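Protein chains in written order, with this note's numbering: chain A, 177 to 551; chain B, 739 to 1239.
Everything labelled a hint here was simulated from the structure, so no lab data went into it.
Here the structure is a predicted model, which means the values were calculated and not measured.
Mixed in with the good hints, there may be bad ones.
Unchecked claim - Simulated coverage check for chain B against chain A, where a stretch passes if three residues somewhere in it have a Cβ under 8 Å from a Cβ of chain A: (1) 768 to 781; (2) 819 to 828; (3) 846 to 858; (4) 915 to 922; (5) 1015 to 1029; (6) 1181 to 1195; (7) 1213 to 1225.
Said to hold, decoys possible - Okay, the calculated beta carbon distance ranges per label pair: (8) A:Glu396 <-> B:Arg784: 52 to 62 Å; (9) B:Asp1238 <-> A:Gly190: 34 to 44 Å; (10) B:Arg981 <-> A:Glu286: 48 to 58 Å.
Backbone N, C-alpha and C fix where the C-beta goes; we use that ideal spot for every residue, glycine too.
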Amino acid sequence: MLCRADKELKLVDGAATDFANKVLAPNREEYDQYPFGQFWDGVVKKAFDLGFFHLTLPAELEGMGHGLAGLSVVLKSICAQDASLGGMLFTNAMAQEILLAAKAEKLLEEKIVKQEDVYKFLLAFPAFNNPSEVRHVATVTKSKGKRLLSGDVQYVVLGGLSAYALLPASVEGSKDFSFFLVDLASKKVSLSEPIFSLGLHACPAVDITLDKAPAVLVGEEGAGKKYFDRVADRMAVAQAAMATGIMEGCFAEALAYAREREQGGQKIVNWSEVRMMLANIAIQAKSAEMMLSRACEAVDQKQPKWEAAARVAAIQACAYACEATTDGIQVLGGVGYMKDHGQEKRFRDAKQIQALMGIAPMKKLRHIRSILEKR
Amino acid sequence: MKYKPCTPDHAQCAPNLNDVAASLAFAHQTPAALIRETREVVDLARKFNREVVRPYALELDRKLHEDPDFLPWEFVKKANEWGFYTMWLPRLFGGKGYFMHSMSAFIEEVSSACLSMGNLIGVHYLGMATLAATWNAPLLLKIFRDVAAGEKAGDPRIISLAITEPGAGTDVEEPDLIDKGNITCHAQKVDGGYVVNGTKVFISNGHVSKWHVVIAYSDLDLPSQNTVCLLVQTGQKGFSFGRHEKKMGQRACPASELVFKDCFVPDSMVAMDSEQIKGLKKDAKDTFQQVLDYVLGATRAGVAAFGTGVARGAYEEALAFANETEVEGKLLANHEWAQCMLAEMYKNVCIARLGYVETNHHNASSGIYKSMLAKPAFYFIRYAPEFLVQKVFPKLLGTDATTRALRKANFDNQTEEEMNRTSGWGSMAKFSGTDLGMKNCHMALELMGQAGLRHDQRVEKHFRDAKLLQIYEGTNQLNRLNLFKCLVSGACPQSCVFHDS
Ligand SMILES: Cc1cc2nc3c(=O)[nH]c(=O)nc-3n(C[C@H](O)[C@H](O)[C@H](O)COP(=O)(O)OP(=O)(O)OC[C@H]3O[C@@H](n4cnc5c(N)ncnc54)[C@H](O)[C@@H]3O)c2cc1C
Chain A
177 MLCRADKELK
187 LVDGAATDFA
197 NKVLAPNREE
207 YDQYPFGQFW
217 DGVVKKAFDL
227 GFFHLTLPAE
237 LEGMGHGLAG
247 LSVVLKSICA
257 QDASLGGMLF
267 TNAMAQEILL
277 AAKAEKLLEE
287 KIVKQEDVYK
297 FLLAFPAFNN
307 PSEVRHVATV
317 TKSKGKRLLS
327 GDVQYVVLGG
337 LSAYALLPAS
347 VEGSKDFSFF
357 LVDLASKKVS
367 LSEPIFSLGL
377 HACPAVDITL
387 DKAPAVLVGE
397 EGAGKKYFDR
407 VADRMAVAQA
417 AMATGIMEGC
427 FAEALAYARE
437 REQGGQKIVN
447 WSEVRMMLAN
457 IAIQAKSAEM
467 MLSRACEAVD
477 QKQPKWEAAA
487 RVAAIQACAY
497 ACEATTDGIQ
507 VLGGVGYMKD
517 HGQEKRFRDA
527 KQIQALMGIA
537 PMKKLRHIRS
547 ILEKR
Chain B
739 MKYKPCTPDH
749 AQCAPNLNDV
759 AASLAFAHQT
769 PAALIRETRE
779 VVDLARKFNR
789 EVVRPYALEL
799 DRKLHEDPDF
809 LPWEFVKKAN
819 EWGFYTMWLP
829 RLFGGKGYFM
839 HSMSAFIEEV
849 SSACLSMGNL
859 IGVHYLGMAT
869 LAATWNAPLL
879 LKIFRDVAAG
889 EKAGDPRIIS
899 LAITEPGAGT
909 DVEEPDLIDK
919 GNITCHAQKV
929 DGGYVVNGTK
939 VFISNGHVSK
949 WHVVIAYSDL
959 DLPSQNTVCL
969 LVQTGQKGFS
979 FGRHEKKMGQ
989 RACPASELVF
999 KDCFVPDSMV
1009 AMDSEQIKGL
1019 KKDAKDTFQQ
1029 VLDYVLGATR
1039 AGVAAFGTGV
1049 ARGAYEEALA
1059 FANETEVEGK
1069 LLANHEWAQC
1079 MLAEMYKNVC
1089 IARLGYVETN
1099 HHNASSGIYK
1109 SMLAKPAFYF
1119 IRYAPEFLVQ
1129 KVFPKLLGTD
1139 ATTRALRKAN
1149 FDNQTEEEMN
1159 RTSGWGSMAK
1169 FSGTDLGMKN
1179 CHMALELMGQ
1189 AGLRHDQRVE
1199 KHFRDAKLLQ
1209 IYEGTNQLNR
1219 LNLFKCLVSG
1229 ACPQSCVFHD
1239 S
């Protein structure tokens, strides 16, 4: 539905679906063992070669220029099978979008887009925090015309993999913050062990400690909030796509199981209470997909009030996904709780995705605040 | 089809006082010593949490992620050392004689810090309660005394309960479904015992238990009338462990596959079969249903206590976060919306707790605790002189006549209304307490955002652990149906449960 009218997007979707079914789904349990098992290096490289990390970058910057609709199509198909890769795509795209919002194309061109090694191309970013809410920001000082960052930034996604991170920092005592590009190979930067998290295990994050680490200012000084808010509204569509994909995968697995499993002398799909759970998942998945379609259109065409469409889609799709994946386990009974099926991972991933870009209830408040401010 | 209209009596939705307000009706009968004892076990649990559970819970969970086959012996030994596996065993079996009634509060406490560790203790009493509900006195004496001896020897000898089979989960929890189920665990009667073949799955604590209460069937075509409850020992010929499941949460509490291949179980280890219960008022199917109801009435209240515990754990972590984190420059605990969320979570804990407290009142007035909690019996069992407990009672208990008398008293005297009340309330407490537990975990994660996602913040573990509670001891869907059957269907005279297609 998302790409009904767009042949190119259909092709991208086909590639993503194929990749999800053939590469991600068969080894989901193994990939999810990270950080206690091997990192899925080969998968990440393949995804890079297929251009999944270039989707929203404009063609002038060696990207595919598919906009958020393109990213959403891919995220939805990927997350139906394994949202961890979705987490990597999201984080990288969000960091790129902030650089673009800050008109830092030159920086992207110099440092990032020409890289042929995926890990030199990927940007690390604290994708689960809104720095205006909880101030996980470093402190910036100036020395001999250079900017140096100190302090801790928590939960930097892709931090243990990427060459560069996009980090928020502020001058001591200032309320505002700015974004900086930091070379993670610097001796002034130290990284924690990968953080063991609820979901998205193969989309690793680390805490970063900086000790006067050299950094490049991105965009205007003190404009971090402006960039973040604008990009967060756009990326809300991508968040909704991830949640929708998870629900679609969840529904498919629940339905297939309910058609096979027998209890009480019949396939459990014939017990109407099981049907009710399946119906709820299906309705939530479909509602999310419809909201997502509408939001993609609104954002990519810059329609009036596109921000509201995007925010609402994300808030609601994430809430649905948390409910749907709870039922998704329930339909499978005991086996749904086990690692050899996909449902338990979807349940964890859905909850984790809800926390992207900040505290869930604060997103509702931001939404109402924007309505109140306009009137 | 034409349906009969409801009679006014049935249509009314206000049942009698005993159904809706057990605490009002029965609280005054609660022995004061039981209230003291509850305070005591809660204090003990808090100490245990401080010294053992909290410092070790995350490390153990992490260990299980690093090595999924790791077994939590160290914790089981600690719990054994602290005396928790005999705490709620009557004194005449070598236990400390605390009443099961107080266990829910203990379980809530431990589970608020770690649900897996709560299970490593609590599930032992699921096995124990099932064995106790067969009222097979000599076997109770043998097994429970062995558990007590294990405590003294520093060698935990805990009990698991094995009902679920690969093809039958919901079906084996519900006697109305079992005959339609894909039942495969066969106990064939032979001279001097049974030969068991088949597999049980998802058995909590299996790998770390010495004793396994196994439910098998002597006729797979009519299992409801041919249920056999047997005791199998780890290491016994013909019995082995299969898979150690890789679960999402409650990683420290193993879920095990039990495999039986021509496993001979002597008559002396048969807790109950249809032959043994001939002569009771009810037939074999209804008597086993009664055993199940007796047990589940109590243990589902226990699962509600797990749910309350995890609801509390999530609430407490969220509260700590709100007390130390600024959001948009203001302490989170000072945001009105967050105050309302915390109030809601607090309420969820209290409501979940009320469910198990109320159910335990029903169990005391009409269910498994009834015969022990009448005040004279309570004080006699609790304070009987040691020589009676050690010398006289065991001799009395060792006879088949005692078994028969206990079974008569417990199976023939419980009314249908009492069965419905305890079973219905057990289900209600279970699904509401566990749904509220899950709800609080969701809310805590929402409130904490990024911080809640980290293993070291504990909430994500609560979230993973809690989900299991909605599945085991009957899915919450099955428990809703059981509540309908026990407490609602009377108001729907044309209804039949489990006839949907
Ligand atoms: C970690 C873990 C520990 C466990 N510990 C133990 C233990 O110690 N001992 C033990 O014996 N068992 C144990 N169990 C088993 C547990 O009790 C079962 O998983 C549970 O009863 C559900 O059975 P099932 O998994 O086979 O699901 P199924 O019965 O296959 O159910 C699948 C779905 O169908 C629904 N369904 C089935 N029948 C009906 C119906 N008639 N009407 C409406 N809906 C229906 C269920 O509600 C569920 O949503 C454990 C399970 C787990 C996961």
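We went through each hint and held it up to the structure:
Taking a C-beta to C-beta cut-off of 8 Å, the region 768 to 781 of chain B contributes 0 residues in contact with chain A, too few for the three needed, and the coverage statement is violated. As drawn, the region 819 to 828 of chain B meets chain A at 0 residues by the rule of a beta-carbon pair under 8 Å; below three, the given contact is violated. Coverage of a stretch by a chain is defined here by at least three residues with a beta carbon nearer than 8 Å to that chain's beta carbons; for the region 846 to 858 of chain B and chain A the count is 0, and the condition is violated. With 4 residues carrying a beta carbon less than 8 Å from a beta carbon of chain A, the region 915 to 922 of chain B meets the three-residue requirement, and the given coverage holds.
A stretch counts as covered by a chain when three or more of its residues have a beta carbon under 8 Å from one of that chain; for the region 1015 to 1029 of chain B and chain A the count is 0, and the coverage is violated. Here's how the region 1181 to 1195 of chain B fares: 12 of its residues keep a CB closer than 8 Å to some CB of chain A, so the rule of at least three is met and the hint holds. Look at the region 1213 to 1225 of chain B against chain A: 5 of its residues bring a Cβ nearer than 8 Å to a Cβ of that chain, three or more, so the hint holds. With their beta carbons about 54 Å apart, Glu396 (chain A) and Arg784 (chain B) fall inside the hinted range of 52 to 62 Å.
Remark: the range hint 34 to 44 Å for Asp1238 (chain B) to Gly190 (chain A) is upheld by a beta-carbon distance near 40 Å. Evaluation of the 48 to 58 Å hint for Arg981 (chain B) and Glu286 (chain A) yields a pass: the beta carbon distance comes to about 54 Å.
The structure fails to meet hints 1, 2, 3 and 5 from the earlier list, while all remaining hints are met.
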